[in-house]
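Q: Chain by chain, the residues run as shown.
There are 2 protein chains.
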Amino acid sequence: MDAMAGKQSFEADQLPQIIVFGPPTFYKSHDKEFSSKFRVLKPWQSQLPLPEFLTAQAKNIRAALCSGVFKLTASILRHLPSLELVVSGSVGLNHIDLLECRRRGIAVATASTLYSGDVAELAVGLLLDVLRKISAGNRFVRNGLWLKQGDYYPLGSKLEGKQVGIVGLGSIGQEVAKRLEPFGCTISYHSRNRKLSVSYKFQPNIHQLATTSDILIICCALNEETRHMINRDVLLALGNEGVIVNVARGAIIDERELVWCLEKGEIAGAGLDVFENEPYVPQELRVLDNVVLSPHVAVLTVEASRDFYELASGNLEAFFSNQPLLSLVPNE
Amino acid sequence: MDAMAGKQSFEADQLPQIIVFGPPTFYKSHDKEFSSKFRVLKPWQSQLPLPEFLTAQAKNIRAALCSGVFKLTASILRHLPSLELVVSGSVGLNHIDLLECRRRGIAVATASTLYSGDVAELAVGLLLDVLRKISAGNRFVRNGLWLKQGDYYPLGSKLEGKQVGIVGLGSIGQEVAKRLEPFGCTISYHSRNRKLSVSYKFQPNIHQLATTSDILIICCALNEETRHMINRDVLLALGNEGVIVNVARGAIIDERELVWCLEKGEIAGAGLDVFENEPYVPQELRVLDNVVLSPHVAVLTVEASRDFYELASGNLEAFFSNQPLLSLVPNE
Numbered sequence: 001m002d003a004m005a006g007k008q009s010f011e012a013d014q015l016p017q018i019i020v021f022g023p024p025t026f027y028k029s030h031d032k033e034f035s036s037k038f039r040v041l042k043p044w045q046s047q048l049p050l051p052e053f054l055t056a057q058a059k060n061i062r063a064a065l066c067s068g069v070f071k072l073t074a075s076i077l078r079h080l081p082s083l084e085l086v087v088s089g090s091v092g093l094n095h096i097d098l099l100e101c102r103r104r105g106i107a108v109a110t111a112s113t114l115y116s117g118d119v120a121e122l123a124v125g126l127l128l129d130v131l132r133k134i135s136a137g138n139r140f141v142r143n144g145l146w147l148k149q150g151d152y153y154p155l156g157s158k159l160e161g162k163q164v165g166i167v168g169l170g171s172i173g174q175e176v177a178k179r180l181e182p183f184g185c186t187i188s189y190h191s192r193n194r195k196l197s198v199s200y201k202f203q204p205n206i207h208q209l210a211t212t213s214d215i216l217i218i219c220c221a222l223n224e225e226t227r228h229m230i231n232r233d234v235l236l237a238l239g240n241e242g243v244i245v246n247v248a249r250g251a252i253i254d255e256r257e258l259v260w261c262l263e264k265g266e267i268a269g270a271g272l273d274v275f276e277n278e279p280y281v282p283q284e285l286r287v288l289d290n291v292v293l294s295p296h297v298a299v300l301t302v303e304a305s306r307d308f309y310e311l312a313s314g315n316l317e318a319f320f321s322n323q324p325l326l327s328l329v330p331n332e
Numbered sequence: 001m002d003a004m005a006g007k008q009s010f011e012a013d014q015l016p017q018i019i020v021f022g023p024p025t026f027y028k029s030h031d032k033e034f035s036s037k038f039r040v041l042k043p044w045q046s047q048l049p050l051p052e053f054l055t056a057q058a059k060n061i062r063a064a065l066c067s068g069v070f071k072l073t074a075s076i077l078r079h080l081p082s083l084e085l086v087v088s089g090s091v092g093l094n095h096i097d098l099l100e101c102r103r104r105g106i107a108v109a110t111a112s113t114l115y116s117g118d119v120a121e122l123a124v125g126l127l128l129d130v131l132r133k134i135s136a137g138n139r140f141v142r143n144g145l146w147l148k149q150g151d152y153y154p155l156g157s158k159l160e161g162k163q164v165g166i167v168g169l170g171s172i173g174q175e176v177a178k179r180l181e182p183f184g185c186t187i188s189y190h191s192r193n194r195k196l197s198v199s200y201k202f203q204p205n206i207h208q209l210a211t212t213s214d215i216l217i218i219c220c221a222l223n224e225e226t227r228h229m230i231n232r233d234v235l236l237a238l239g240n241e242g243v244i245v246n247v248a249r250g251a252i253i254d255e256r257e258l259v260w261c262l263e264k265g266e267i268a269g270a271g272l273d274v275f276e277n278e279p280y281v282p283q284e285l286r287v288l289d290n291v292v293l294s295p296h297v298a299v300l301t302v303e304a305s306r307d308f309y310e311l312a313s314g315n316l317e318a319f320f321s322n323q324p325l326l327s328l329v330p331n332e
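Going line by line, the protein sequences match chains A and B. Sequential numbering from 1 applies to the first sequence in my numbering. Sequential numbering from 1 applies to the second sequence in my numbering.
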């Protein structure tokens, strides 16, 4: 037993070292597997403040794995003088100081399109739930009201025949569109650029997309152009039978205006997996019957967890063996 | 005003007379429109017991409109000696004594495939909700637990790649299958007969379908062959990662066995729009986290309500003007 322990620790010393920030939600399911391949520094287990921890232990660290909510700022990067690679567990990269990484020549690998199918599924699920009042009906039955009050009668709205506007027709947006086609929806989209590979109608601005759509599905990245892109004007253009679904980032919608529009009946409903100040969700939203609120779980499936492990460990192994990364973010 | 009222009532006397049983859920939204075309007898508004009401007022009634839950039995039909047509607002006809209708030569018109899209949408919505834990996540956020307890971590299950078994590949089953294809599911089915028009794999019995499926979606009619077709054996064959969705009739599943399997973790979850003794839903089901319960609303959309009115009034008008019915049930 002692000999074994000695052997293990000797071998562990030979493993390439990485640091994990966050940790990514999926990390805990694969801690053992990562630890069999890498010597893993876990700052969240230390009593030291992060800068001191990094100064003491991370001077020679060449690769980091980080979650989608951990803010990898320039001041943290300053404590990692040997860093060459950041692997993010997330699709969005708004939590990483990409400019600083670029200046320092630090490569960034992302989850890329790995979770697009998972996210698209949740978008369609939230949309059907809002339109067909599934969670609301579920509350009605669970609370015993069906027996007490008789039939549940607020009629749902049929997805078939609806005009769906997709905001951001990247990998996720396209996966959503593909899944909505056999429901008999007409798809149009707004994106930075018109996509020549698709036949969906392009709308040159978000206001026009909202005006011509019954449903808006937010699938774009959060950046300074898209922050609060969905403001009161856009919501009013969507109209009082309109429904909005957000599986991207909370701050793309001006949340205060969204609450106002939902409360006033200026739009019909919302399905939200993301919020401006997670995990805080405004009380006003939490009591509305015409919204479905989801705790940022669009990628949280058993299947995506396995995909995450394979891509993240694959990227790290490629890096340490001087092979090309599996999912490098282009240094635009 | 009086003259108008007199004129209206004179004209109303000329309108063909119908009786409405139930009434169908959608009827109330279209009462005015029906009443402008037909003189409508409404037994539910009378103090008289139904047989007396019928004897007193319905001797000459030739056409009836009935809901999907009103039991149109031989003993009620006996009080309607002039009846020639029953128009049902529902797809299923298990509430009508079809043998007695056939014996008497009473034509039966049904909603036929009118609501197939609405029902298929709800089936997919319930399935995504159960797999991706949408209603459970919604409860978590609404109850403020995200802020208090941190991330919601029970991982969902991805629909992509799943084996879906459809029980009854009629119009609804086919609409469900069509919508699931772009999710990357593999579809197979069990039906009374193999369908030559589809390429999905046919399974000759329900047990084999359950054994080879991750998900069962019940879309068949309720009859003596299908009552309790989904028994404990079938559920155990589906297995502890299996999910079942029912948008057909409650009694196709042995509900007591379903509750047992859900409580014991013998299957993973269920999305149910129908129950054995509606509106009663067992307390044991109402407290489970891995089920989504829906108060029999698969057809309850604004769009289906309009479709119902058009088909029902169209059938009645066709009948009274001696034209072929729009949706006659074949007298097999």
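For the record, the hints were derived by calculation from the structure and aren't laboratory data. Predicted, not measured: the structure shown is a model, and the values here were computed from it. Errors might be hidden in some of the hints.
It does not matter which identical chain is meant; a pair holds if it fits inside one copy or across any two.
In silico DSS-like cross-links for lysine-lysine, where the CA-CA straight-line distance does not exceed 25 Å [unchecked claim]: (1) Lys178 to Lys148; (2) Lys148 to Lys71; (3) Lys264 to Lys59; (4) Lys195 to Lys42; (5) Lys28 to Lys148; (6) Lys148 to Lys42; (7) Lys201 to Lys178; (8) Lys42 to Lys28; (9) Lys71 to Lys178; (10) Lys32 to Lys42; (11) Lys71 to Lys201; (12) Lys37 to Lys195.
Q: All hints, please: hold or fail.
A: Tested hints:
1. In this assembly of identical chains, Lys178 and Lys148 lie within 25 Å of each other by CA distance neither inside one copy nor across copies; the values are 41 Å within and 37 Å between.
2. For the homomeric pair Lys148 and Lys71, the shortest alpha-carbon distance between copies (21 Å) is at most 25 Å, but the shortest distance inside one copy (50 Å) is not.
3. In the homo-oligomer, the alpha carbons of Lys264 and Lys59 never lie at most 25 Å apart, since the shortest distance is 55 Å inside one protomer and 52 Å across protomers.
4. Taking the closest pair of Cα atoms, Lys195 and Lys42 never come within 25 Å of each other, the shortest separation being 42 Å inside a single copy and 58 Å across copies.
5. Taking the closest pair of Cα atoms, Lys28 and Lys148 come within 25 Å of each other only across two copies (20 Å); inside a single copy the shortest separation is 45 Å, beyond that limit.
6. Taking identical chains as interchangeable, the C-alpha atoms of Lys148 and Lys42 lie at most 25 Å apart only when they sit on different chains, with a minimum of 24 Å there against 54 Å within one chain.
7. Within a single copy, Lys201 and Lys178 get their C-alpha atoms as close as 14 Å, and across copies as close as 23 Å, so both meet the 25 Å cut-off.
8. For a Cα distance limit of 25 Å, the shortest separation of Lys42 from Lys28 inside one copy, 11 Å, qualifies, whereas the shortest one across copies, 63 Å, does not.
9. When the C-alpha separation of Lys71 and Lys178 is checked against a cutoff of 25 Å, the pair qualifies neither within a copy, at 33 Å, nor between copies, at 43 Å.
10. In this assembly of identical chains, Lys32 and Lys42 lie within 25 Å of each other by CA distance solely inside one copy; the values are 13 Å within and 70 Å between copies.
11. Proximity of Lys71 to Lys201 under the C-alpha cut-off of 25 Å is found in neither arrangement, the shortest distances being 37 Å within a copy and 49 Å between copies.
12. For the identical chains of this complex, Lys37 and Lys195 are neighbours neither inside a copy (41 Å) nor across copies (52 Å), given an alpha-carbon limit of 25 Å.
When each numbered hint is compared with the structure, violations occur for hints 1, 3, 4, 9, 11, 12.
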